[in-house]
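Trainee: Following the hints, complete the assembly by docking chain B onto the known chain A.
Chains as they are written, first to last, in our numbering: chain A, 1 to 301; chain B, 1 to 535.
Just so you know, the hints here were simulated from the structure itself, not pulled from any lab data. A few of these clues could be false.
Said to hold, decoys possible - Some, not all, of what chain B presents toward chain A, calculated at C-beta under 10 Å: (1) K26; (2) F31; (3) Q32; (4) A34; (5) N37; (6) V38; (7) W39.
Cβ coordinates follow ideal geometry from the N, Cα and C atoms, glycine included.
Each chain, letter by letter, is given below.
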Amino acid sequence: MTASRELFPDAFVGVLRRALVLATRGGAGAADSMRHATSRVAEVGGFAGHRGYVPGDDARRVDWSAYARSGELVVKTFEDERGRDLTVLLDQSASMELGFRFDHSRRAAALVSAVLAGRGDRVRLIAQNGDDLREFTYAKGRRIDELLDWLSALTVRGTDADLVPSDLGRRARLIWISDFAEVDQLEDRLRRLGGVRRRALAVLPRVELDREILEDGVFVLQDVETGRNTRVRADRRLREQLRVELRRQAARRREAFGRFGVRFLEWDPPSIPELEGRRSSAADWLGGRLVTTILRHGSAR
Amino acid sequence: MDFEAPQRLLALLVLPLLWLLSLRPKPRRSFQTAHWNVWQRALRVQTRPPRPRLRFLLLALAFLAVSLASAGTTIGRREGPSRLIVLVDRSASTGRVASPGNDAMQVLRNRLRDELRDWSGETNLRLVLCGEGVEVEETKLDLAFEQPAFTTLLQGCEVDLEALAKAGSADSSAAIVVVGDEQTSVPPSAASLRFRSSQTIRRGILSARCEDDWPLSTIRVRLDLFDERIGTNAEEPLTLAVQGAPRQIGVEAFPIEGDLERGVELTFERGSGGRLRLTLNGEDGFEADDWVEFVVPAPPRRRVVALGDSEAIEDAAGFVRDLFGLEASEGSVAASGAAVVLADGGRFDSWTPGMLSFGVHTAADTRSVEDGEAFLVDWDREHPLLQGLDLSEMRVRRRLPRDFAPDGAQVLLRGRDGPLLVSWEDDGGRSLHAAFRLEDSNLWRLPAFPRLLRRAVRWLILGQAAPLEPSATGLLNRSESLGFPERRISPVSQEDPTELLAAGFPLLPADPGRSLAAPLVVLAILLLGLRSLWP
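Excised from the complex, chain A in its bound form:
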């Protein structure tokens, strides 16, 4: 494996591989075991076949007739759940560097890609900063190392880019991983997404920095994207005002997502030490809110 071991340590790679194996091994059974946390799967599209029941599957999808014939609990699968494209938009702007947000984003992108590809989906990863757009398609059959290498090679730079590729289909499914720092520009981008009726999920990996906890004193405040800076004398009054402004910005962000029908997920990613200490299984990861939501989003029509 040539991927950065710092970005994708063994513990994470181990989780990733287990998730991939579970998603691919045993066909539907394995996948179902991973998706036990999925509370609802949309039954839309043509019948594709059966897979073994796993705890957590919706009882309404159990094919009781097949159970009567074979005596084994199986659930129905539909065409829409497999072989569909899903686009992951990864914000690569400089602001993503703060608080290792970009690392968390890339790990999330790797996990999502592995799970969905293992399930049979084709994941199109798009990373863009400024005019530099990089794209990688990951699907079942490709080595996961290629995915990790591609993610490791990404670097943050520049400002937020227009992350809406022009070749997206009108009904494309999107997962948009970003810090959504520029709320003022958010509405314009959401308007463009909404205009093509795409279903989108916005994921904000939350880091400690979002709370902007500061000490009193003088420091240089620098805009990480533009490099401009100013001298700031921080005091209690400024910190309180800053919290108010941050809350106000978060409210505006949620309001914007809600107004444009985009589901917004603020995700608290586990740290690597935490992952290693718990020796978590893929289910621990996948049982997290992120994967749950992603799988639900990915399965939704």
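Mentor: For chain B alone, kept in the frame of chain A given last:
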């Protein structure tokens, strides 16, 4: 703005250091944010941070004020002299009339008083009055103008005022003022008040000489005059007014030098003599050189005594009588009152003024004449009596001893064995003495003898009269009269007043000025107070 200790302004070099020290330390911490706009909105509620430049400006101004106060800043300070030296040219040329009814020195004094109005009346003033000598008065400015000597004019100024002014200029604490006329040279370092006129007539008697025409009854007066017009074409003929007993009988004018100077010779019938005053017409404001006066003596006595029995002396006496119209006199020499005594041989008690003697012994000399030819070696060809005479053929058969003449006599004819003819002259008169009798020589037969005799008698008679020199004069000083072209300051008319040249004025005294130390310190305190109140 002046500084008593400008070197203390070097403290201002500390300002850059103050600027560095006033800069806020650069924050060691930095914080990167993705929410720049959020921060900007949050920072709006914060009070605007203090402006270091304004705070430094207040500090720098306060420091500047303290530095200026330390350097002894003053305003209105003026470098200059603290006392006065006034050099007054009291020569006659300064005393002319400045304008009708105004005395020049009075005008100068009033103008000087006006020019020095900025000076305190208590200013020490050294009044240097220059005439034939120098008078120095140490006084106060207020009292200086009341000095009577200030306006007392003298005959001339023999003091080099320029040198005096230059010497005074060495004292930087004193201001030099020269008061005079354009004749007075003034160094550039001194202020001056001098008269000048653009239109003037300059006239004066530069020299005067009088000649006695005896035996004629006339005298001749020769004057060198100066007559110049400057800036005017006014026609005013040059005339001479004559006052006195002698009667003018003729006048002759002739040019001397250029167009400005001319000579005038006037002839007078002396009569019985008396005072003669000649005055140049046309007041030019400098009266001193406009007149000259002579005392013409009475005519000499007109008798001649011949002592001797030789044919030669009788012929000589007859010639003299005929030539000069003299009368023969009889009796002793003392009682005769003769103007000329012709003596040939014999013995006298002493030499008598007016005597022309030939081979005459004095009473103390008992020696006899010496036989043997006395050769004439030479004669004084430059002497007025002998000029142009040829005496080379003169022979003397016998003569007196070589030391017959008194000590101090001037030798006119020199023989091989001593003087043959001497002249004697003292305050009492003149006399001529020959070492030989006329009959012992061939002198009286020479062609030159009548001319010699005529000259000798005239010389003897004129030697008895007082010299005809000016007895009184306003000024007979050529350099003083001519001076510089503008020196004669005389207005031609009331419409052309004299111009008074003032150079080097205003002459301001030293002023210590007003110190700004206290106001600057107060200003510095106020600035520092304002800075401390500044957020």
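Trainee: With reference to the structure, classify each hint as holding or not holding.
Mentor: Structure-based check of each hint:
no. : hint : verdict
1   : K26  : holds (8 Å)
2   : F31  : holds (5 Å)
3   : Q32  : holds (4 Å)
4   : A34  : holds (3 Å)
5   : N37  : holds (7 Å)
6   : V38  : holds (5 Å)
7   : W39  : holds (6 Å)
Checked against the numbered hints given earlier, this structure breaks none of them.
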